[in-house]
Amino acid sequence: MAGDNKRTVAFERKGAARLVRGAACYADDLQLPDTAYASFVRSSAARAKISRLDLTSARRSPGVLAVVAFADIMGDIRPIRGPEGPLANCLIYPLPQSEVHYVGQPLAVAVAESRYQAQDAADAVDIEYDLRPAVLDPEAALEAEAPLVFAELASNVVQEVHISSEGVDKAFSEADHVISERLRTQRIAACPLEPRACAAVFDAASGRYTVWTSTVTIHAVRQQIAEVLGVKENRVRVIAPDVGGSFGGKVHPYPEEILVAYLAKRLHRPVKWVETRIEHLTNVRHGRDQIHYVQAAVRSDGRIMALKSKIIADFGATTRFINSLPAAALYSTGAYDIQCHQVDAFGVLTNKTPQGPVRGIGKADAAYVIERFMDIVARQLNLDPAEIRMKNFVREDAFPYRTATGSMLDSGRYPTCLRKALDLAGYEELRKEQAELRKKGVLRGIGMCLVIEPTSAARRGQGGGYGACRVRMEPSGTVSAFPAYGHQGQGHQTAIARIIADRLSLLSDDVEVFAGDTAESPYGSSAISSRSAVTLMPAVDVAATLLRDKILRIAAHVLEIAPGDLRLETGLVRAVGAPERELGLRQITRIAYIDTYRLPPGLEPGLEVTGYFTAPNIIWEPDERGRRNEFVAVPYEAAVAVVDVDPATGRFSTVRYVAVHDCGTTLVPEIVETQHYGSIAQGLGEALFEELRYDQDGQPLNSTFMDYLLPTVNDIPLIETGHMVTPSPFTPLGAKGGGETGTLGPPAALGNAIEDALAPLRVKIRERPYTSDRLWKAIHQEAS
Amino acid sequence: MAHLAVTVNGQERAADIEPRLLLVHFLRDELKLTGTHIGCVVGRCGACTVLWKKRPVKSCMVLAIQTHQTEIITIEGLSRDERLHPLQEAFLKSDAVECGYCTPGMVMSAYGLLLKKPNASGDDIKRAISGNLCRCTGYVNIVKAISSTLAQGKYPAVRE
Amino acid sequence: MYPNAFDYHRPTSLPEAVEVMARYGHDARPLAGGQSLIPLLKLRLANPAVIVDLNAIPELSYVRQEKDRLAIGALTRHSDVEDSDLIRARYAAIGDAVTHIGDAQVRNLGTVGGSLAHGDPSGDWGAVFLALGGELRCVGPSGERLIPAPEFFTDLYETARQPDEIVTEVKIRPPQPRSGGAYLKLERRVGDFALVGVAVSLALDENAICVDAGIGLSGVGPTCVKGITAERILHGSPLNEPAIAAAADSLDADIDPYSDARAPAEYKRAMAKVFFRRALDVARQRATAQRL
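Residue numbers (this note's numbering), protein chains in the order written: chain A, 68 to 851; chain B, 228 to 387; chain C, 5 to 296.
By construction, these hints were calculated from the structure, which means they are not laboratory data.
All C-beta atoms, glycine included, are put in the ideal place defined by N, C-alpha and C.
Each hint should be verified, as a subset may be incorrect.
[Claimed, not checked] Straight line, CA to CA, 20 Å or less: simulated SDA-like cross-link-like pairs of lysine to any residue:
hint : chain 1 : residue 1 : chain 2 : residue 2
1    : B       : Lys343    : C       : Glu191
2    : B       : Lys353    : A       : Thr102
3    : B       : Lys371    : A       : Ile144
4    : B       : Lys371    : A       : Ala77
5    : B       : Lys280    : C       : Ala60
6    : B       : Lys344    : C       : Asp84
7    : B       : Lys281    : C       : Glu191
8    : B       : Lys344    : C       : Thr103
9    : B       : Lys281    : C       : Glu86
10   : B       : Lys371    : A       : Asn781
11   : B       : Lys353    : A       : Glu79
12   : B       : Lys344    : C       : Glu86
13   : B       : Lys371    : A       : Gln98
14   : B       : Lys353    : A       : Ile144
15   : B       : Lys344    : C       : Glu191
16   : A       : Lys332    : A       : Asp139
17   : B       : Lys353    : A       : Ala77
18   : B       : Lys343    : C       : Gly99
19   : B       : Lys320    : A       : Glu737
20   : B       : Lys353    : A       : Val722
21   : B       : Lys281    : C       : Ser65
22   : B       : Lys353    : A       : Pro784
23   : B       : Lys259    : A       : Gln98
24   : B       : Lys280    : C       : Arg92
25   : B       : Lys320    : A       : Thr102
26   : B       : Lys259    : A       : Gln290
27   : A       : Lys844    : C       : Glu86
28   : B       : Lys320    : B       : Arg307
29   : A       : Lys332    : A       : Ile144
30   : B       : Lys259    : A       : Arg829
[To be verified] Stretch by stretch, here's where chain C covers chain B in the computed footprint (C-beta under 8 Å, at least three residues):
hint : segment
31   : 234-247
32   : 258-272
33   : 290-303
34   : 370-377
Make the full structure from the sequences, and use the hints.
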């Protein structure tokens, strides 16, 4: 049934049936006649000048249509300039002119009749490098005399955030305890299961490009292709077909997309490119990799009076703004009421893969550090980790709360959430049990965290402050919806259809969602930063409401009854209190589209509206202190983990994992729940296995799934969940967006649990992931 | 070139192919059966899983020519006419599908388990899908889906 | 991602296979399960001119008890070994090992002969083969020979098999009365290669004195290693703590782990000893529980 009875229908994820049949169409599934295949030649040096690039052999390779490097394309392309600030001096080409900055960087591209032949040709390209010592240590790289990653810049520091409250030094001088720590997050990759892929055609007659690409940001890709190829955006159409996950890895344009479009024109053929996982792990933008020096001025009762954070982020060879830096800086006080705060954050270039967003971007680093740090402080003061948190949480009556960096925490009940998680876990019992087990020599540990994960970012120069959706009622009375962006598995279609169905008294099945096509989609950011529930869905609701109002206005005019006395029911509008007075939807659409003379005077024809929702609480311009608010809503999660550590091997098992999640109003609870498990699983990967490492020459040490390990079904403990709903006051639906919060829990909760388990041995764990050899080494070093 | 004659989803298919052509590319590019996916290089993700001689295998780790005169079942072969296999229904009902990229491989691994061990346990399920990575769902609902299908007890084997 | 080009042969008999291998020598690689070879082809780390597919040779897949050997055909899939009642009943160490090889899909194709012939120092079969003892039957142009287990692994990914030989069978020494074996694997994650793997096989007399000990280790050097020094210490001992401790320490004489992506050498060395003790415990329990 439609309308108010939405919950009586068994849950169905819209669009999933074709996926389970194997009938999806991801970018590499596209069948374009006469497709040629591209294969990229990539740098095997981290820092070098290309002294020789010989394409002769490659061009003679069987089936080859073209092999191009910078020299072959430079007349046809324009560079992009870096963002304002230090990088503004950088001219960025899709293929480098002569300098190489990271292993895996695309240097040239071969196109051939088949995938196999394309790789044969790419392998036949002959390159000689004039090697330079790679810049790899971000702390060394930020020193004044460090060799420069980009010669055209004055320094390797390309982004900074400095915010300081008053009274920081005073608080430190008056502190009962000053506690310092260095914590580091490791480099990871988003690793969606579908690698990047794109295909392009160019129609010479119309001068139009069509590009299909596995992306989240169709408008940004379109803009960059247009800019680099020197055409107007309205000659470029970008379509995201089915996308097999992103997790941040597909949220901005890549040079390969531009080059595939370029080659399609140059060769008068459709061109397709699919990356291998090795290319993915060395090119999809990396995440985390921040060093935090944190120092707290602490009162003896555990109250934190002031906090200083110094953050050094390893940016790789980036040429963009990296939002993980401000995100980490702005939220380094976490869920705690610490108004006396100084943060100095530096983004530093190195000769590694450029950084970009990965699920939890920046906030994951900040949450990890503050949550581990709380436990470290608690242990030093001999306080219970729950107690110290309760003492320092932002109070439940203090919302909306502005942190010292200007960040707005919209709503939250942190003490209640932690209490709920502890109750679910049976905390007092767990401690008793731990004491008993310790007597028997079992190293049991209990760790907790409360992580905040602000969503829906918007920044000056980058946009993101609004969502948009166009909605059209067809003559049949069914609806087509065109949201600003598509989905990669988050279930947007289901939520969008449900909102529209509810407003218009339709069935979800009567709503078709068309997404991911610049020809159809309004501008309005992308599925980044868990913003769909926050800004997109309200925009859908605005559009659906406008449409409903228009339908009622038309009906009111025909029935001669005030709109307020009319009701939308399935397929018709009926008078309240006079049920025999009704008008079918098809009659209304006929008036709107055909018999427009019957419209109320002054009302335009058609039943097609675009709805917008602008986030009301973004503070775009930093004040004189650097304070601003970049995120709309703040979901959060309390997690409690219980582990047993085997000191002989350093292995640990997760006995329990309890997570209580509050992402405000949930539009489709089933979808949020499924996504929550996946979110936690990704955090488990970060805690247990995932780390991208480089050797002393900047060579990646693990660029296949043989050695970059993702969690399997065996690595997921039993996850016990609870939920709270504390709506956001800043979004009309009260939703905060639930996609990333779960990811932040495991590194913090498990880290705390492991250190708690090893507390009798006085072992400290400061590095992640928590591999057995690392734990073993820490245990045995302490013992000796 | 080598001549390959192989039965795929009950249909006899033939082609002259290079020996180096991987089975997954033969299925996707020659036969246009794009439901089988590629997620990695060294055979660690399982997205390419199909049934070969009734056993789940990673089709990116098989040369197409090896399958000469044998039988393969892909995800496309699992639904009969327009109806979904009970396993596929269960994946939908248990909300085990998000981006869908791992789904065909996951379903085929599960299907192989159903064929071999109709009374499989929870541990058997985990073993059956240990070689299938999912980045979206955290596996919880996938295990539920397979579990519930086993509990149902009857599910047709695909055409012999 | 895409192998280099090669020629392909699928012989339908052993003599034909031998002839093809002899013809091409070093330019040919035999293909059994492909689970090790095909990734190498895709990474273009192996670029043979010829691939010889052994899978059409009849009667190379079996598990059978012979008079004085367990005989496993070289093309027997790991999953078939796993399902074998005979293995489950009498060769627990083999059962332990195959259960942990890769994942279900890999086990459906990977073969015993292929695993051993690949000579992976972190392969599970190698450790078990060295612990249990036996021979590998190889067939080549000059005929057939049996290579004893301790002589088989010669260097990193190198074995005593000549380039023109084909492994046709693995022969395993049968269990003695009051014996038991076990294989324990330390892996970073399920499905991984062994960071360290230890196989221990023990036979006891009626006084619980060890009359035979076999120890095989993977992940501890350029090849799988037979812990001959530790074996000698255990032989004739009552398997008390001093003997076990001495044996564990003595592993240092035979293993030479190196640091790699999986773990530092120091950790592997320490884990070899930890897992040796644990595998020994299980082997002893199984030996004690076994009825004649």
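Earlier hints that do not hold, by number: 1, 2, 3, 7, 11, 13, 14, 15, 17, 24, 25, 26, 27, 30 and 34
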